[in-house]
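S.K.: Sequence:
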Amino acid sequence: MTKRTTIVLPDAVYEDLQIWADEEGRATANLVAFLVEQAVRAKFPSKYPPAYKRVEASDRQA
Numbered sequence: 044m045t046k047r048t049t050i051v052l053p054d055a056v057y058e059d060l061q062i063w064a065d066e067e068g069r070a071t072a073n074l075v076a077f078l079v080e081q082a083v084r085a086k087f088p089s090k091y092p093p094a095y096k097r098v099e100a101s102d103r104q105a
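Quick note on my numbering: the sequence shown kicks off at 44 and runs consecutively.
Just so you know, these hints were derived from the structure itself, not from any lab. It is possible that part of the hints are untrue.
[Stated by the list, open to error] Straight line, CA to CA, 27 Å or less: simulated DSS-like cross-link-like pairs of lysine-lysine:
(1) Lys90 - Lys46
(2) Lys96 - Lys86
(3) Lys46 - Lys86
Build the full structure now, drawing on both the sequences and the hints.
M.R.: Set out below in structure tokens:
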């Protein structure tokens with residue numbers, strides 16, 4: 044289930060988010076949701092385990 048919320052940002056921060064989102068070809072709201080989720084996952088790592096495990100090239104089996 045997803046929830047909606049409203050945030051208030053300084054104009055300059057919002058403008059930079061718009062630029063960033065445009066560079067990635069995504070909606071500003073989508074970028075902000077992603078960034079907030081990443082911050083929460085970093086704050087509470089035991090509650091939100093990583094969705095994937097990074098594998099180094101040197102650890103891969105041929």
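S.K.: For every hint, state whether the structure bears it out.
M.R.: Now the hints, each set against the structure:
no., hint, in the structure
1, Lys90 - Lys46, "holds (18 Å)"
2, Lys96 - Lys86, "holds (18 Å)"
3, Lys46 - Lys86, "holds (19 Å)"
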